[in-house]
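Chemist: If you read the sequences in order, they're chains A, B and C. Going left to right, the first sequence walks through residues 1419 to 1579 as my numbering numbers them. Going left to right, the second sequence walks through residues 1419 to 1579 as my numbering numbers them. Going left to right, the third sequence walks through residues 1419 to 1579 as my numbering numbers them.
FYI, nobody ran anything at the bench for these hints, they're computed from the structure. Glycine included, C-beta positions come from ideal geometry on N, C-alpha and C. Some hints could be false.
Now the in silico label distances, taken between C-beta atoms and shown as ranges [as the list claims (entries may be wrong)]: (1) 1425/C - 1436/B: 30 to 36 Å; (2) 1527/C - 1578/B: 42 to 48 Å; (3) 1430/B - 1547/A: 50 to 56 Å; (4) 1549/C - 1430/B: 36 to 42 Å; (5) 1526/C - 1470/A: 31 to 37 Å; (6) 1425/A - 1438/C: 43 to 49 Å; (7) 1430/A - 1513/B: 40 to 46 Å; (8) 1527/A - 1424/B: 51 to 57 Å; (9) 1547/A - 1544/C: 50 to 56 Å.
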Amino acid sequence: MSAIEAKLAALGLQLPAPTKLPQGVVLKFPWVRLHGNRAFVSGHGPLAPDGSLAGPFGKVGEDLTLEQAYQSAKLVGLAILSSLKAEIGDLDRVTAWLRVFGMVNAGKGFNRFPLVINGFSDLIVDLYGTERGNHARSAVGMAGLPFDIPIEIEAEVAIAS
Amino acid sequence: MSAIEAKLAALGLQLPAPTKLPQGVVLKFPWVRLHGNRAFVSGHGPLAPDGSLAGPFGKVGEDLTLEQAYQSAKLVGLAILSSLKAEIGDLDRVTAWLRVFGMVNAGKGFNRFPLVINGFSDLIVDLYGTERGNHARSAVGMAGLPFDIPIEIEAEVAIAS
Amino acid sequence: MSAIEAKLAALGLQLPAPTKLPQGVVLKFPWVRLHGNRAFVSGHGPLAPDGSLAGPFGKVGEDLTLEQAYQSAKLVGLAILSSLKAEIGDLDRVTAWLRVFGMVNAGKGFNRFPLVINGFSDLIVDLYGTERGNHARSAVGMAGLPFDIPIEIEAEVAIAS
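Next comes chain A alone, as it looks inside the complex:
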């Protein structure tokens, strides 16, 4: 078993199945685009174990509390790891997290976006350690996200050849 997957198991965490989109929605792009040693990760939402979009849905600060949004950002992390594993086979091949763009479905007056996206960053740094897991990051408020998911995150990571 890969070291990262062993850590996931030790934390009691499981990767979800690949994303299942709402019926009738067809997306003609991959969840991860590999190019040489670079992997570009498409914007992901939070997933349930079966790969369907996981609630609660809506705007953070209105429909979700900060704590619920933190958990949702952690689920986004697991969804991204699931997509990366499907593409590169072994999560240990990620040599560096580079850029993370954290998007929060912003309720009126809510502004603690960084504390929400920490749900993602804490997971990645716990799994990969600071040297590999550290990433440049923005955490900002969006007017809307697809299908009213509360969090969407896109990223770029470096991959061992």
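Take the given structure of chain A and dock chains B and C to it, following the hints.
Modeler: What follows is chains B and C alone, placed relative to chain A:
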């Protein structure tokens, strides 16, 4: 004629003239920034054939229907191809589409951003095929876009040396 | 003294101290993520000389004028230069500005985001010249930004080995 331009012609599509900004607006940055084999594409809006910003303007779901927004996203694709051609000479030199960030001027309650940005992705994959044309993508809702354009897209592509 | 710092001094500009976050906020990610010749710059806000977040706070077009927002974007530029200097030692090591993503906390009906982010781009091009300083850019309106800062900018730059 380049293969991509032949395909554009076969589809009955024409690249617009370079972007003409509204009077008095000066932008001190290039539409495409080349660096080695990487081309960074600035955020583009939809253009009319003469390079002026193309309407309809406003928020998707309020001022534009989904279908109008899809067409607008396709015009953004043509605008980006026009800028790339101006910078690299031949669109066949694009070896891989890597990252696409699709921004939709979000009307209240609208959330079908991916279906809008498909107007861009469908064009790129039609022209370049999946191997070269596939890209990591996000499609999200913005509080506002410059000059009330309905769609703005930025991207990164790989270029043959 | 480095050439860029000499220019800063000639312009009467000073880099702020490293970012001091509001009390109780812990962010587990670096302000700059280096990877080979690439430096990924996390989303930065405007800083006062002591590194605390600089006001005015709020939404551009409501709580700030365009001119105030332009100045705020310039402060974001100085904050990013401060973080880059802390990470790479000498600002002359930046060989190319590549990608700039400019986010504006959007007041209702405000749409002149590019003129706001020019406060950043003008500074960078003044300091680095067009060949090194030119960058692909988007300038767009967000529903909210952390701690109600009016501007947040993330970037990627190339670094000499």
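Chemist: Now tell me if each hint is right for this structure.
Modeler: Hints versus structure:
1. 1425/C - 1436/B: 30 to 36 Å: Because 31 Å falls inside the window, the suggested range holds.
2. 1527/C - 1578/B: 42 to 48 Å: Roughly 44 Å apart at Cβ, these two residues keep to the hinted range, so it holds.
3. 1430/B - 1547/A: 50 to 56 Å: holds, 54 Å
4. 1549/C - 1430/B: 36 to 42 Å: Holds, at about 39 Å.
5. 1526/C - 1470/A: 31 to 37 Å: 35 Å Cβ-Cβ, so the 31 to 37 Å window holds.
6. 1425/A - 1438/C: 43 to 49 Å: violated, 33 Å
7. 1430/A - 1513/B: 40 to 46 Å: holds, 43 Å
8. 1527/A - 1424/B: 51 to 57 Å: holds, 53 Å
9. 1547/A - 1544/C: 50 to 56 Å: violated, 40 Å
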